[in-house]
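Undergrad: Here is how the chains run, residue by residue.
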Amino acid sequence: MTVLEQVFRDEWGRVLAALIGFLGDFDLAEEAAQEAFAIAAERWPRDGTPASPRAWLVTTARNRAIDRIRRERTLAAKTRLLDVPEATEDEVDETTIPDERLELIFTCCHPSLALDAQVALTLRTLGGLTTDEIARAFLVPDETMAKRLVRAKRKIKAAAIPFRVPPEHLLPDRLAAVLAVVYLIFNEGYGGRGDLAADAIRLGRALAELMPDEPDVQALLALMLLNDARRDARFADGAIVLLAEQDRSLWDDRQIALGREALDRALALGGRDAYVVQAAIAALHLEEHPDWPQIAALYGELARRTGSEVVSLNHAAAMAEAGEVVAALSLVDGLTLDRYHYLHATRAELLRRLDRPEDARTSYDRALELVHADEERRFLERRRAELED
Amino acid sequence: MKYLLLIQHGDTPTPGTDPWNRLSEEEQQAVYADYQAINQTPGVTPGAWMEGPETATTVRVQDGRTLTTDGPFVAVKEALGGYLFFEAADLDAAIELASRIPAARLGGAIEVRPLKGQ
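Top line first, the protein sequences correspond to chains A and B. Heads up: the first sequence at position 114 corresponds to 114 in this note's numbering, and the numbers run straight through without jumps. Heads up: the second sequence at position 63 corresponds to 63 in this note's numbering, and the numbers run straight through without jumps.
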């Protein structure tokens, strides 16, 4: 990665947030930021990287935007720029640039925007992904994604969605929306598109830094770091590898340590909500001898709170690991997730342990009918074949 | 920023109907009191009260001929029940006001529309 690419990755969100805060206009800010990065690409290799890249970028972008507004007077009336002094070549002092990334993410994840637009806007503005990259990540045509972004930005402006951190009484709901967007991005990445997982973790880190006292923020970061730390061990020869069979030397120990730290912070802040429970479960999975009764109990707790059958299915899998295979099977049989291949895959595993190979085979067949990802198909085929041995 | 708040009654009980009469006196009073409080909120310009959607006439012009049909443009249940204007700092303020309109909690919904160039 070149210096400029690194700076882009680190600074885009912060530079753009500062510009939106200053200009009060997403499009204008985005164009100015792009222009500033383009100028940097031309000048920095020649003249050297400035001492403070962020201050240089904000100053340059701001001056470009001011020039542009002067040229397009009509636009000026609509921006907050009227009372702004002359553009100067002096770099603004880094410490005077407010960090407005929180304002930006709360705007992007405003509940009056559709969820897919919230996700796209967050990746575009804070993540620095291009429209094409987001389109590819979510498997939609570029044009569809471009329209989605344009519409969302137009709504922010036309409906006056505020650029601010919500007041106390709105904060819990709004923060939940922000975390849901970040976690959704992570899960898209966890399913195979690894870059998105890294983007989600970067967003989670920024949030954890900006809201250090929010337990759920720390917990979500912990959850993502702990799960992602096993990424390289989760697949081998194009098939899913079960936790117990994963090569632990492929786990990212540093990331696990960071994840555990974030989880400790969440617990110390009194966090007991769903993300904390999920992060605790993820941490327990990483022990050399996982405490399955404890994991099962936490899944049970999580299932009660969320009412999610998918969580109940995980509960059943953990119960089986804890030795309660019969109870696990009866839990699975009470679920209504017939179209969900994990239900049938889990059921097959339980039946195998109960020494009912015929029934297990039937469940593997049903799981294979429903599975999409090749890595999971290969895994299921192998498990089914072992049964016949 | 100025918003138009469109009150969609949906299943909201309206005075004079059976569902309305099934509400307790207290609940009925609360609805009146809430509407009054909304109308007195700074920035609100109350809309005119409309007769029910059953009394509506829908007008179209095809090939120069004026065609009228009985009833609202959308289904009666989806018809506009009322409206008000609200001058507010931002969308959050408009959402907050909308959530205090009784129809929002009684089976209806409020559509918040920014007005152009305000």
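Treat the hints with care, as some may be off.
[As the list claims (entries may be wrong)] Derived DSBU-like pairs: lysine-lysine, alpha-carbon spacing no greater than 30 Å straight-line:
1. B:K116 to A:K155
2. B:K2 to A:K155
3. B:K116 to B:K2
[Stated by the list, open to error] Have a look at the derived ranges for each label pair, beta carbon to beta carbon:
4. B:T17 to A:R304: 36 to 42 Å
5. A:V310 to B:A33: 51 to 57 Å
6. A:T144 to B:M50: 48 to 54 Å
7. B:R22 to A:R304: 49 to 55 Å
8. B:E27 to A:A268: 29 to 35 Å
Simulated from the structure, these hints should not be mistaken for laboratory data. Every residue gets a Cβ at the ideal spot worked out from N, C-alpha and C, and that includes glycine.
Undergrad: Hint by hint, which ones does this structure get wrong, listed from lowest number up?
TA: Violated hints: 5, 6, 7, 8; rest satisfied.
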